[in-house]
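We have chain A; now place chains B, C and D onto it with these hints.
Sequences listed follow chains A, B, C and D, in order. Just add 187 to wherever you are in the first sequence, counting from 1, and you've got this note's numbering. Just add 187 to wherever you are in the second sequence, counting from 1, and you've got this note's numbering. Just add 187 to wherever you are in the third sequence, counting from 1, and you've got this note's numbering. Just add 187 to wherever you are in the fourth sequence, counting from 1, and you've got this note's numbering.
Incorrect hints may have been included.
Identical copies carry no separate label here, and so any pair may be met within one copy or between two of them.
Stated by the list, open to error - Straight-line C-alpha distance at most 20 Å; calculated EDC-like pairs for lysine to aspartate or glutamate: (1) Lys208 with Glu251; (2) Lys330 with Asp227; (3) Lys362 with Glu378; (4) Lys262 with Asp287; (5) Lys442 with Asp377; (6) Lys384 with Glu445; (7) Lys504 with Glu445.
Hints were generated in silico from the structure; no laboratory data involved.
4 protein chains.
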Amino acid sequence: MSGNSIGQNFVVTTFGESHGKALGCIIDGCPPGLELNVADMQADLDRRRPGTSRYTTARREADEVSILSGVFEGKTTGTSIGLLIENTDQRSQDYSNIKDLFRPGHADYTYQQKYGLRDYRGGGRSSARETAMRVAAGAVAKKYLKTVHGIEIHGYLSQLGPIFAENIDLTQVEKNAFFFPDKTKIDALDEYMRDLKKSGDSIGAKVSVIATNVPVGLGEPVFDRLDADIAHALMGINAVKGVEIGDGFEVVTQKGSEGRDLMSPKGFESNHAGGVLGGISSGQPILAHMALKPTSSISVPGQSMTAQGEVADVVTKGRHDPCVGIRAVPIAEAMLAIVLMDHLLRHRAQNQDVNSLTPVIGMR
Amino acid sequence: MSGNSIGQNFVVTTFGESHGKALGCIIDGCPPGLELNVADMQADLDRRRPGTSRYTTARREADEVSILSGVFEGKTTGTSIGLLIENTDQRSQDYSNIKDLFRPGHADYTYQQKYGLRDYRGGGRSSARETAMRVAAGAVAKKYLKTVHGIEIHGYLSQLGPIFAENIDLTQVEKNAFFFPDKTKIDALDEYMRDLKKSGDSIGAKVSVIATNVPVGLGEPVFDRLDADIAHALMGINAVKGVEIGDGFEVVTQKGSEGRDLMSPKGFESNHAGGVLGGISSGQPILAHMALKPTSSISVPGQSMTAQGEVADVVTKGRHDPCVGIRAVPIAEAMLAIVLMDHLLRHRAQNQDVNSLTPVIGMR
Amino acid sequence: MSGNSIGQNFVVTTFGESHGKALGCIIDGCPPGLELNVADMQADLDRRRPGTSRYTTARREADEVSILSGVFEGKTTGTSIGLLIENTDQRSQDYSNIKDLFRPGHADYTYQQKYGLRDYRGGGRSSARETAMRVAAGAVAKKYLKTVHGIEIHGYLSQLGPIFAENIDLTQVEKNAFFFPDKTKIDALDEYMRDLKKSGDSIGAKVSVIATNVPVGLGEPVFDRLDADIAHALMGINAVKGVEIGDGFEVVTQKGSEGRDLMSPKGFESNHAGGVLGGISSGQPILAHMALKPTSSISVPGQSMTAQGEVADVVTKGRHDPCVGIRAVPIAEAMLAIVLMDHLLRHRAQNQDVNSLTPVIGMR
Amino acid sequence: MSGNSIGQNFVVTTFGESHGKALGCIIDGCPPGLELNVADMQADLDRRRPGTSRYTTARREADEVSILSGVFEGKTTGTSIGLLIENTDQRSQDYSNIKDLFRPGHADYTYQQKYGLRDYRGGGRSSARETAMRVAAGAVAKKYLKTVHGIEIHGYLSQLGPIFAENIDLTQVEKNAFFFPDKTKIDALDEYMRDLKKSGDSIGAKVSVIATNVPVGLGEPVFDRLDADIAHALMGINAVKGVEIGDGFEVVTQKGSEGRDLMSPKGFESNHAGGVLGGISSGQPILAHMALKPTSSISVPGQSMTAQGEVADVVTKGRHDPCVGIRAVPIAEAMLAIVLMDHLLRHRAQNQDVNSLTPVIGMR
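This is chain A alone, in the form it adopts within the complex (with noise of 0.2 Å):
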């Protein structure tokens, strides 16, 4: 299978680039009976649309998807459902100026030597749009997951630049711009991020995601472990350099008789592990966080090179989100629910026999 597919049960293929004619994708998998319709998806699209908040980039899609298949008379079917999105905010002739620049921090030059060709319009396949397709295919997992087993996927901005959410109060997130669960430093991010557009800068950001109500049991060790496709899911994001489960990096300076989480018959008693113990959901909810790099795309000069091998500065004007990570809370959701939506069918798949979506000690 090629990279375009995310999935082994649940599986997503998509295509699409940020400025030809469409972006779409195949879910493959899904279980019939399932009640969808576009507003399930269009929600989550809409939070993820550029153009919401000032603070986004400007560039504004309708960002309306279509359901060709799949769905039969309000329902899925069992079949591939097939979904669109058309591109109508187009504007090629913003980038025929980078047509033999390899932007620095963009995939121009890996795109460029890898294939040989590349769409260099608004960054062709390698753009954040893609990501489109991903926000749509999550929701239908999202809503499957809610349904069938009231599983729930949350995510908001953690920390952007030096400013981090110390009271996470997860019923703030969807009330600011910024999806921040911490409405004490609204009023600082914002300031933050006016003088940061003035000053043509971008910064970086951490995006936490957390799933509660996972059954114990999902993940298919040694390899396809639930942390790991977590791990390949949301590094699979533009952007993200790192990847954390339940305590990440802190654990690096843990002891052992700190870190574990101690369990009683009631339960556990803490989540450091954020969720996964052995690769496998333990019944706690699920905690993962990544970080995110500043957009590339700034108005301050860099230096660069042409495709002909000569120096050349670049200014990027044009739309561009000051800060990626703020965008990324609905993409990190949606690849979240897909990762969830495919170990819970890989795990029935292999144990239907055992009762072993219930909890054998009266857990959760």
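Only chains B, C and D this time, still in chain A's reference frame:
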């Protein structure tokens, strides 16, 4: 494909439990014509092997690997390679007391819940003993990458608890029992570990791995990016809770003008990206880090429960590493080698026509 | 991976129902740099299209394919190729009467049982209309195979009911409405079909497909032999009940001294094997045959039952092929092309080092 | 995934050459809790084993299988199952004379061309000896299918050269050396084989395999239809050149009014389809046939050439089956079992919510 395989064109599938008869693996897709013998694997197996220093578990296994197929007259034939390591030092009696006990921080509870039964001896399939086969398979990948493409892979312990490497000198790594690259800190490590052992506790660690001479072009966007597959492979190692590529979580507080790697016709001027741009290798060294939690098998008592739902105190006696991170160094190398090997073959499959492994503009 | 994808390095994934909004597919893994436009696909789509002769269904679809991604400035870019065909002639009203009816010989019953619900309009996903996307994807494979390797693929109707081709002349195939290679039997076919149509019945057929100029070495033993994957691809076409490679079922009564293809330094002296030895292409033409059952949609009444478990008589009116085998010719070509393309890429992945596509001893 | 694996949720991966140290396989995805011991496999291994009658090769292997992992206290644990058969009767010296010779009808030439080198001893990986592991893995699938779902799988020799079974009585199959279901023809078979052996020639055969009690709903359209995957599995057995489902090639001359299986509330009234409709099991018995070519290893001389491109006459001495079809019976059963097992798990993954394994209208 179920969870005991990794890779798509270079596929490694493993079996074996800590106290079963044997560990084994099948390598499918290895190119023909590679000179291969057991010595190629034994060196890395010995580096991973327990009992090689007083700071790793005292369990002693010869860990002698046999090549059962796929090699004829000293060369790989292109058919599947079968490898086997017999378990000689099993001591099953050590483990009967944990039959009904869920050790905190271990996979006992999740395996029991997932499958409805488990091989409780030494953690069964969830034991890190399983990684011996990864090291053997990784050695085959390493040899091919080195022989045919000059790619070299080196791992090291970059941090153990509070002690981290400042002056990284890879030539030091094999000269001490910690795979530590900073010789000025070996005494401190010795002392730290001695105290730790006395206290019956364990400690986390950070392991880094670097691949040099990697051609530009490896990685399959949008899901099977090189960094995503590295994250999958490293997060799938026992006890790993975090993975970073290049600057990793440092990017959260970076500005775009700082973190992008500027280019000139002579090449990149820095390597914040860790050798991966847009999910494709850039020709720079690949640099990845992983965080390993402290082993949960310690002699400090910890509360847990039994399979019957009763409270139980766990005190682990017997042979256990106070820092599992140390022995994880060759495992990390093996996993990176397997990922690079797989991506090399995947890249070839699609891109033989463009001469894409030779940079178009003379860069490396 | 679920069932709507085929291939491992050249992967085709499809969606779409007979009366849905559109059919589509994603091709993942196509090498970059291939010149590609809709005309390359349209020719084969037109050959498969219904309504082109009075012996195929009168349903009229333009079957115009759009390339939505993966092609830039006329060449493939190596990223995933999205293809779309909108359904323009849907006539859903024709099918409301079969909502609760299980038509004998159709997939109505099995889809209902498998998924618990189904899109009953025109057979939904089980309709042969789905194969339009296979033809489009196959055309991409065909073009690559032809352009880069000189491989040509030709199909023909070798038998229709009692009438079989005796003098096979491939230049005749496109000159008649039956894709029949024996011009001496066209009149007989015409007469047979006219009578058949009058009787309201249908008839089975045998379709053959041949690939020439295939290099020696394609096929991945022991399970993904070239012939095994051809069998998978052809048996997966609607209505196919048998597949043969080379002499096929004739070998049952052959002696070893008859059926083996003797060799000389000039090459093979016969091709009983159909171009595959030990699951690997031998450099001789690949020859495969498939048997297609008569369509079950006929106006001769047949007993069946309803979803409510009641007896019902089925009489199919409307637009149906009296011999589905005829239009299966371009589908068989497409599937063979997809299999060869995938195996070409798979072979490359493992065997770039040996110069294995050039026969070592000058044979072809 | 390379070619030595089969299945997606129940995955069997094999290794081993005819004269290597051992054959082995890994079964990944077997449900936990299945009682399993070597006796479950040994019975079928003995049925396949050479040297059991005077009409199969005189090579004598104990073919004793060991379970190395995945089974604990007599039950499968859900982790990967490692199986091993050591090669005890290797007699490498027999084969040195064919080192540079391409035996006609064998895979010597294609392996040499594909990989650039080959293990020439007894055909190396291309030897049918490899199928022993398929039989072992198939026995695990058989046991699960039988125990949990009551599915039974039986193979038989339906034709040997000109002699075919007319009165099919499955109770006869194990009572003669030919797996032949028609006791009235055993004498004729005996005589035919005696004459054949005298002449130094070999003969083709047809093997049939039937699965009863298969639930409706197995098969994953549109590419991984149940019949397509059966065709893949059977065509992938050494020497097979044709595969049929149900009426197979007879459908070519059938009319639609003859070949469709009419239905009533009591069930289907015939089984022309061989238990598969639209690629999905119908609940009727699955019936498949395969054609096996005569072995090419005969003492009748045949012209070939050497690796140096010189003419050579080939006369095969040593131990070879005059009819490889006979021993293929347990192999066909094993492959059908593996396919059904895999599809059972795949079906479960997607369709746990609909109670689809129970026919909705009381049919079976």
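Practice task
Starting from the hint list further up, note which numbers the structure goes against and sort them upward.
Solution key: none
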